[in-house]
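Chains A and B are the protein sequences, given in the same order. Just so you know, we're using the numbering used here here: the first sequence kicks off at 5 and counts up by one. Just so you know, we're using the numbering used here here: the second sequence kicks off at 5 and counts up by one.
Keep in mind that the hints were calculated from the coordinates and are not lab data. Among the hints, a few may not be true.
A pair counts as met if it fits within one copy or between any two copies, since identical chains are not told apart.
Simulated pairs of lysine to any residue, SDA-like, Cα-Cα distance not exceeding 25 Å [stated by the list, open to error]:
| hint | residue 1 | residue 2 |
| --- | --- | --- |
| 1 | Lys-160 | Leu-303 |
| 2 | Lys-301 | Met-339 |
| 3 | Lys-7 | Arg-157 |
| 4 | Lys-54 | Ile-182 |
| 5 | Lys-7 | Arg-290 |
| 6 | Lys-160 | Glu-181 |
A quick note: this is a predicted structure, and the numbers were derived from the prediction, not measured.
2 protein chains.
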Amino acid sequence: MPKRPPLTPVVDTLPETVPFVGPEAQERERGRPFRARIGANELSFGPSPKVIARMAEVARDQWMYCDPDNFDLKVATAAHLGVGVENIVVGEGIDGLLGLVARMYAGPGDAVVTSLGAYPTFNFHVASVGGRLVTVPYEQDRESLEGLLDAVRREKAPLVYLSNPDNPMGSWWEADEIDRFIAALPETTMLVLDEAYGELGPASALPAVDVSRPNLIRMRTFSKAYGLAGIRCGYAFGEAQVIRDFEKIRNHYGVSRMAQVAGEAALADQAWLAEVVAKVAAGRQRIASIADENGLKPLASATNFVTIDCGGDGDFAGKVMQGMLSRDVFIRKPMAPGLDRCIRVSVGLDHELDIFAEELPGVLAAARGN
Amino acid sequence: MPKRPPLTPVVDTLPETVPFVGPEAQERERGRPFRARIGANELSFGPSPKVIARMAEVARDQWMYCDPDNFDLKVATAAHLGVGVENIVVGEGIDGLLGLVARMYAGPGDAVVTSLGAYPTFNFHVASVGGRLVTVPYEQDRESLEGLLDAVRREKAPLVYLSNPDNPMGSWWEADEIDRFIAALPETTMLVLDEAYGELGPASALPAVDVSRPNLIRMRTFSKAYGLAGIRCGYAFGEAQVIRDFEKIRNHYGVSRMAQVAGEAALADQAWLAEVVAKVAAGRQRIASIADENGLKPLASATNFVTIDCGGDGDFAGKVMQGMLSRDVFIRKPMAPGLDRCIRVSVGLDHELDIFAEELPGVLAAARGN
């Protein structure tokens, strides 16, 4: 057998993995398309028509490299948040930014704290730098602020992850609770506050913008409320030196020219955002009603999905999800112990929720072995 | 002073840097736009009209996440190269893939070999993992295959970088020379063969496709000949296990849905590519003539730019570049000793090369202090 170039010790031990298998991969395996795509918390209503028009308009310009400073988009984002351009960094979605944060703050063996069952892509990036993941169970379907804090202190963790509103449960903390959590953190622990769903929940869940703390990075995205998941664009905001530190390792030409233009146009159409937020709220209500009508328990949600307690164990909820998939309805479910009793359904278009409503009784009956 | 979360030791020592300052940043600083954008080796002719139409068509679809497997684009690329899907990995441009390769094969203190004055973004990524860059001077304006090989052996380097055709000199080696270089490399040294300009030079410069070697990764891009620099999409091909290893750390949702569609459409329009390659060859000829007419020495080029020996030292060529910038003509220049006597001019549109031709005599006279 020929010798091979060795991978670095950290990378060598990692599994080959995809944190999320996409619906396209499932469709290829199944050999047929889904009838309802309500599993990836995408915004089925799509981006603003103005954004779509703008993307079409700049298609021809893609021969030019993107601005590596993402300047225009940063200016627009900074104005939107009421902070300085120096407080913003743009990345290839929150995923890309999480990868950078892991590399910046966690070395081999360093403890990194998150909730058990929280965003797997963060865990993937922590593993990729050899970080040691310390997980804290959810409490009553919310990330446990006290538990996270205890773990951070116990492990002297340099990095902790919290999403608010939360995925996969849809739960949230009010801003004052988050603020207390931030204030209680050791100064030497960096908090990544993932607010991917921030625009879709109650405004009272979002702490006031404050970019003075050297141990806080907040992240938002154009993938959710702005309907641009495919374009790969998110941003982080924080204290200026923290933001400058991203310059040390980020892929400066990582965010496409198209994404920068689309993001800017999306921010500019806040009327569309308001419309969409209302539609999402109605969709959540609809999903909750369907769950109720079938004797299941929908959890309160501050996101564009509803997590539904199927009233059994993980095995049962797994059967419900599989039943939906076999009926060509793409949904997902939480997998961590305690959370795994649930399925997770994204707000889709009306006809997609119709299909979900039609199929649910049969799926439940089959899962119950009736 | 409040304490701060410490950066990892490797990241802490790095400078905050942008490997390439974009023309947009220069325009912001100058307070006015360039009249000719012929400095970033972009394809001024733009992508195929079919690609542009396709991008406009799918703008609305961007509410969906991208396929994390980049499957359709991989199928198209594999067919194009005559290899298997398992031999292809797609990334956020070659830049993104270079970042992954650095993380896969170079740890803190590991020697990584490249040419002095070769692609700075590779060096940036090597620095970001704490790698120790070992540079080999060009010889007669080509990357020195023998010098690189000597350095690899001397330093027991796990990773070496070679671009063919080369940037910033535009020079190239014929395929048989590259094949000899590959065969002579230690089995435990990974070669990154950057073929970003591969479609633009003589076919005889590209080794036959062979994905059996565990120590070779070849990279190509949609940024150059396909005119999609802004969309951020490149690919690497190689032995299946090497390609699988990217799964351990890559950002699976890094390449936008738009980029995947655009890349596929670009590959499908080989007639446009042939047209563009001919236009680029004519443009090179034009730039060479302009240089000749002004008593400068254009170097032979297998790319979409011509590097021009200004006949003086680095200081003189620097004045020529600055003169062009001050006349609103965006060009760049090599900076390494020996190469720095040159400026680098990309094939632009006819009217841009007209402006270059008009301004060159005055710029040269000013640089000479006449």
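25 Å Cα threshold - placement of Met-339 relative to Lys-301 | For Lys-301 and Met-339, the Cα distance is within 25 Å only inside one copy (17 Å; across copies 65 Å).
Go through the copies and call it for Lys-54 and Ile-182: within, between, both or neither, with a Cα cutoff of 25 Å.
-> neither (35 Å within a copy, 50 Å between copies)
How do Lys-160 and Glu-181 come out at 25 Å by Cα distance, when the copy is not named: within, between, both, or neither?
-> within (22 Å within a copy, 54 Å between copies)
Copy assignment of Lys-7 with Arg-157, given that the CA separation must stay at most 25 Å | Classified as between; 16 Å across copies, 45 Å inside a copy.
When no copy is specified for Lys-160 and Leu-303, does a C-alpha distance of 25 Å or less occur within a copy, between copies, both, or neither?
-> neither (33 Å within a copy, 58 Å between copies)
Using 25 Å as the alpha carbon limit, work out where Lys-7 and Arg-290 are close: within a copy, between copies, both or neither.
-> neither (59 Å within a copy, 48 Å between copies)
When held up to the earlier numbered hints, the structure conflicts with 1, 4, 5 and fits the remainder.
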